[in-house]
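Place chain B on chain A using the hints.
Top to bottom, those sequences are chains A and B.
If you count the first sequence from 1, position 557 lands on 557 in the working numbering, and the numbers rise without skipping.
If you count the second sequence from 1, position 297 lands on 297 in the working numbering, and the numbers rise without skipping.
To be clear, the hints were calculated from the coordinates, so they are not data collected in a lab.
Remember, it's a predicted structure, so these values are computed and weren't measured experimentally.
Cβ coordinates follow ideal geometry from the N, Cα and C atoms, glycine included.
Be aware that one or more of the hints could be misleading.
When the alpha-carbon atoms are kept at most 20 Å apart in a straight line, the in silico SDA-like pairs for lysine to any residue are as follows [claimed, not checked]: (1) B/Lys482 <-> A/Val537; (2) B/Lys771 <-> A/Ala457; (3) B/Lys482 <-> A/Leu505; (4) B/Lys482 <-> A/Val503; (5) B/Lys482 <-> A/His499; (6) A/Lys506 <-> B/Arg330.
With beta-carbon atoms standing in for the labels, derived distance ranges [unchecked claim]: (7) A/Lys224 <-> B/Leu247: 38 to 46 Å; (8) B/Asp59 <-> A/Lys578: 47 to 55 Å; (9) B/Gly300 <-> A/Val380: 23 to 31 Å; (10) B/Tyr554 <-> A/Thr374: 36 to 44 Å.
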Amino acid sequence: MQVYKAPLRDMRFVLHELHNSAAHVAEIGQPDVAEELIDSILEEAGKFATDILLPLNASGDEEGCRYENGVVRTPKGFIEAYKKFCEGGWGALASDPAYGGQGLPEIVGKMVEEMQCSANLSFGLYPGLTHGATLALQGHGTDELKQAYLPKMIDGTWSGTMCLTEPQCGTDLGLMRTKAVPQEDGSYRISGAKIFISAGEHDLTENIVHLVLARLPDAPKGIKGVSMFLVPKFLPTEDGRPGARNGVTCTAIEHKMGLKASATTQLYFDEAVGWLVGEPNKGMRAMFTMMNAERLSVGIQGLGVAETAYQSAAFYAKDRIQGRALAGARYPDRAADPIIVHPDVRRSLMTIRAYVEGCRALSGWVATALDLETKAADPVRRQEAEDFVAIMTPVVKALFTDLGFELSSMALQVYGGHGYIRDHGMEQLVRDARICMIYEGANGIQALDLVGRKMPAHMGRFLRGFFHPVQAFIEENAADPKVLPLAKSFAALQQATAHIATVSLKDPEEAGAAATDYLRMFGLVALGYMWARAAKVAAEKLPAANGDAGFYQAKLTTAQFFADRLLPQTSALWSSIKAGKASMMALEDAAF
Amino acid sequence: MAEMFTKVAVIGSGVMGCGIAAQIANAGVRVLLLDILPREGSNRRAVAEGAIAKALKTDPAPFMSAAAARLIEAGNIEDDLARVAECDWIVEVVVERLDIKQTLYRRLEAVRRPGTPISSNTSTIPLSQLTEGLPERFTRDFMITHFFNPPRYMRLMELVTGPHTDATLADKIALFCDVALGKSVVNCKDSPGFIANRLGVFWMTGAVTQTIEHGLTIEEADAVMGRPFGVPKTGVFGLMDLVGLDLMPHVNASMAGALPENDEFHAINRDIPIIGRLIETGYTGRKGKGGFYRLNKTGGKRVKETLDFATGEYRPERRAELPELVAAGRDLRALMSAPGRVGAYAWAVMGHTMAYAAKLIPEATDEIVAIDEAMRLGYNWKHGPFELIDMVGADWLIERLHAEGFAVPPMLQRAAGRSFYRVQNGIRQQLGQDGEYTDIVRPHGILMLEDIKLAAKPVLKNGSASVWDIGDGVLCFEFTSKSNSLDEQIMALLGKTIALVKKEYKALVIYNEGSNFSVGANLGLALFAANIAAWMQVESLIATGQEMMQKLKYAPFPVVSAPSGMALGGGCEFLLHSDAVQAHAETYAGLVECGVGLLPGWGGCKEMLGRWASDPKMPKGPMPAPAKVFEMVSTAKVAKSAAEAREMLVLRPSDRVTMNRYRLLADAKRRALELAADYKAPEPREIVLPGPSGRVALNQAVAGFAKLGMATTHDVVVSGELATVLTGGDTDIIDTVKEGKILDLERESFMRLLRTPGTLARIEHMLETGKPLRN
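Just chain A, same shape as in the assembly (with noise of 0.2 Å):
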């Protein structure tokens, strides 16, 4: 069975006493949103959740969204849950105010939305792409077409999509073929076909605003002649309803693995009616505003349902019982040990806490991050947010997403086979965490941006948000032997970075071939710096903790765990990354 309750004390402890929300929102000018206001937004989006969404989760996989004549109904509950969302105003959290939006910052949207991905990935895909919507059109939209669009979108009457995808072209957006043609009026005349577009066509809004990719007439070949236009399904009226239905239409929604409750549509647009959104042939600008944003939220959707698979592992192995402890009975009186005792199963919820307690505290570092690129007042700092931004982009998306499934997985097999079985609900979460690692950019891919674009740029200037603070911490802690695991690691990582540089300038494919087990050793001690900081404010905290000491000996053990078990797994990428591509491409073509 599915369990959920937000995990509202680790959020706490991750705003409030690792990132010291206090200082940050003075920081971004936002001094008001003090703990206890985002405390009670958290309490509230957590029941919001538990009863909400989470009731939808299983049924909504169960029912599927169903296609009949171009129409896409989603399944039983979503409209009035999807009501309930917008009327509780869950949309328009980090919104710009200027469009109705609250303008909370980013560190508690994003907690938010992991609350949602863990009680129901499918339905948080609805309003999760509209808001990447509203930041492109925000960032690079004409004022009159964000006066037309972004109050709706953001207070979620109309929702919003990204259209990039065509048969022939998925990763390599150069291929694409959909064009757009100017009109007189200054409008344009979409034409194409685009494939797995989440929320394409659905019953929830009264209009759906796409965001589509496409060539002008004269665009040279490549990337470098792409543009985006904003096509609205319904034109809206001049007193801003919608109006005449524009020529998108919906032939059809995939069937797939898993998020079946999330609408993916084939588009066609058959002389669409749109504006440009930013200049001509830069629309791959405008897009990356939003898949920068969409890319983090992603990772955000493999640690929300990692937390779901915890949560429900870790219910059944304290109710399950089946044979004793390898020490002797710990429960005599019962027939037998609750399956809790035995170490595997310890080792695979130490392993699932670890990790995903881990991601929170790096999603909520990121966040800092969001809020201080737009809304910091020294221009250095929004520089250097961006920066980090830019760098951990792919480390979060990649990890959080490659993590959501293997700790799914592992969930999974704390079940055994009931796990295997619908019942439970646990196959689900498996199904559903696996697009995470394919959409917005696959991994491999990630790895790719990170290693090949993110690392060596300005002679390597992004990476220099990440290991600055992290050799910092080393260095003032060089007594403390707790963090010595992360400063052995770190070392590694240094010598990797220091060797992926120096080996990708006479041969990119050993950067290509270094990739995937780079980003992922990125990770690790990305994760292990956040243990070790996390541990840190739990010892200072743990003697004075009077109903707390149970969560901060919590903290201190899981700490422990991830140093003891988890981080030491650098040294074996670092050997792999070592060792070159030679075996990995030394077969002829032919030979596979």
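Frame of chain A, contents of chain B only:
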């Protein structure tokens, strides 16, 4: 060796005359610079004096030092002409008019010492005409010495002798120009335009007319003609803007008038009305309002614009995007064969220029190597035309000329089935007119690594450096890294080299044939290491460098550094730790680390302090030396010549200067062997430094500059660390400071600076833009 002249007369003080006079003065030889009387005013030397004053303000500077300018004495041809009798050589650089030149020659004939060589710098008048009607005692002493503009920097000198010219005299002038003035002397026949301009004008004219013909934009033409063919990236149009558009019609008319009717030049030379219009409206190039390119400053903005041949108007500069260039890569044959206008253009210009070069044998010279050298040094081509033909293949060129109905010059035909150059038994050979290959023989006393490499393997080698045996027990350490930047590998190989020389050799020379000796430490690596907080790695590189520099200095054998071009930062520190420096005159040395927010960390501070502290001209006390070094290092001062480096004490009085780039290695080797004869390693030096009170004084001075807006926020941080090092840190004024202590201070301050965001931003900015960041 060259018999040094004690005084040379230069008549005519225009840009070329004054430039030649300056270069002679740069060689330490007195000059009598004469010009006509001024039209007005009472100062009868005003014309030549004015020219010298102007030259002192010209950039790039014709003079290597202010002292050189003082070797020139100004005069006029009415009062002072008789004083040419004091001179060992008379150079005529007056206006290009035969009657004026001949009148001058006749007047000179009356006053000069008999047997004094006279030469003209003419570029357009044949020697036969210049000497027509003059007595044999004049023609025997007469020749053409054709320098290129600017004479200090252009290494080519074309020497033309007549049938009566005394060969001994010509050799004497050639040797003086070679050894004293640093020129590469190319012997030419008395034919129009000699070599470089004959071919250069043909090439430029073709490049312009064919651009119009094939409908290329100016940017496209320069992109095709520039980098791919190893021509300076200014390309043709950029070059014409530089030399002046107004010159082109004159030069072309003179060339057209002088060349026989069947010369190919006539086929490509035509009147280009738009150039006439540009000249008329003041668009004469960079000296005027602009040329083919201009900077439009209207409306407060600075917009780079380019002339559009189609409209005759200027439009914003557009970067050329030519897939043909990408596709061809380094394959010139592929470029010249590419379908479409780009390939057609490349062929039309370069194919015909190559053929024309072959035709200049035997018209302009008998040796292909003379033509290649003239184009390399006179037009800064990376490869001469015959080297280019070898790259595309003589057979291919012949075939294509045939196919298109063009004549194939006999010299080109001779290369059919083979190449113009080859290497035989480790010696480079050239194809002669008899169809035989002969060794290319360098003038006496020249030693080149380039030649040694043809016949030998390096004694030691890694990815960033090589070591060569240059004979007589001397090893040569060569940097081979990108821009000769200094890295771990160089230090590692240096360690091995020192051990090897100690065991088996007599001396070490540090030298290379790159355009710059070294631009300093590899900043890209340092920045990347800093960005990933690999502080230990950086610190160990600093420590290793310091250790190597100390080893170099105290090695039991002499070390001679022989720089040319830039020797900056770590490159300069190599010079400072050598027993002797044999510097090319065009050496630009300095400790520039502060420009990127760092300070000299390989002993540069230590050595400069030692030099200034022991300079007899300095006032007594511990403060003057640090103050002097602080002034130079904090402002990242670079010497603009070896002579200036001497003034900065980067070179010591005992260090020597070589004028000719080709002679540098031989001179350095000779110096190393001299030192090896009775070598004793130097004694470690201890100096007295002022300590904290001195630091406070230097910091106050910087604070004052900061207040005036002359020092930036980060300048204050950087110079604060520099002040700490130069004043000896916490040392007490009554103690002496050992070298090791200063090195520790250098290293600590360097590491502190590298951790500041201001320094990281400076390094990044320098690497990405090539310009210093003033943060």
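Hints the structure violates: just list their numbers, smallest first. Checked against the structure, the hints that fail are numbers 1, 10, while the rest are satisfied.
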